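Asks: Sequence:
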Amino acid sequence: MEAIDPIVSLDSISVTEFKKRAARVINNVLSGRPIALLRNNKPETVLITLEDYFDLVETWRERGLKDPADPTFMRRTTDAPARVPAVEHRQFDSDAS
Numbered sequence: 001m002e003a004i005d006p007i008v009s010l011d012s013i014s015v016t017e018f019k020k021r022a023a024r025v026i027n028n029v030l031s032g033r034p035i036a037l038l039r040n041n042k043p044e045t046v047l048i049t050l051e052d053y054f055d056l057v058e059t060w061r062e063r064g065l066k067d068p069a070d071p072t073f074m075r076r077t078t079d080a081p082a083r084v085p086a087v088e089h090r091q092f093d094s095d096a097s
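All residue numbers for the sequence shown refer to this note's numbering, where the first residue is 1 and numbers rise by one.
Treat each hint with caution, since some may be false.
Under the rule of at most 25 Å between Cα atoms (straight-line distance), these lysine to any residue pairs were calculated in the SDA-like manner [to be verified]:
1) LYS19 x ASN40
2) LYS20 x LEU50
3) LYS19 x LYS66
4) LYS66 x PRO43
5) LYS19 x LEU50
6) LYS42 x ASP52
7) LYS66 x ASN41
8) LYS19 x ILE48
9) LYS42 x GLY64
10) LYS42 x GLU58
These are computed hints drawn from the structure, not numbers from a lab. Remember, predicted model here, so these are calculated numbers, not experimental data.
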């Protein structure tokens, strides 16, 4: 099988570890470091700042994409493929910040 080049590289932390170190993780996110939360060692979600989120919403709206305020925005049909690109994740180290 051919290796897939990651489209993005993120620091990551398990949900269990996040629960123990939430304040440190959030401080790192606020300093501009998005962090992926892992469940079963797979990225499930990404923590970003509120400002970055609003920038994404503005970009979606400028491009005529579905408004994230629409309740169907995150809904997927069962036959739709998951939109999870290749992501390279590194273990989050709060001492490195």
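Asks: Each hint needs a verdict: does it hold in this structure or not?
Replies: These are the hints, each one checked on the structure:
Note on LYS19 and ASN40: the hinted pairing holds, with a Cα-Cα distance of about 15 Å set against a maximum of 25 Å. In summary, the hint linking LYS20 to LEU50 is supported, as the alpha carbons are separated by about 22 Å, within the 25 Å threshold. A threshold of 25 Å between alpha carbons decides the hint, and for LYS19 with LYS66 the separation of about 32 Å lies outside it, so the pair is violated. A hinted pair counts as satisfied when its Cα atoms are at most 25 Å apart, and LYS66 with PRO43 qualifies at roughly 24 Å.
Our distance criterion of 25 Å between C-alpha atoms is met by LYS19 and LEU50, whose separation comes to about 20 Å. Straight-line distance between C-alpha atoms of LYS42 and ASP52 comes to about 23 Å, which keeps the hinted pair within the 25 Å bound. For the hint pairing LYS66 with ASN41, the CA-to-CA distance comes to about 30 Å; that exceeds 25 Å, so the pair is violated. Only pairs whose Cα atoms come within 25 Å are accepted, and LYS19 paired with ILE48 is accepted, the gap being roughly 17 Å.
The straight-line distance between the Cα atoms of LYS42 and GLY64 is roughly 30 Å, outside the 25 Å bound, and the hint therefore fails. Under the criterion of a C-alpha separation no larger than 25 Å, the hint pairing LYS42 with GLU58 is inconsistent with the structure, at around 28 Å.
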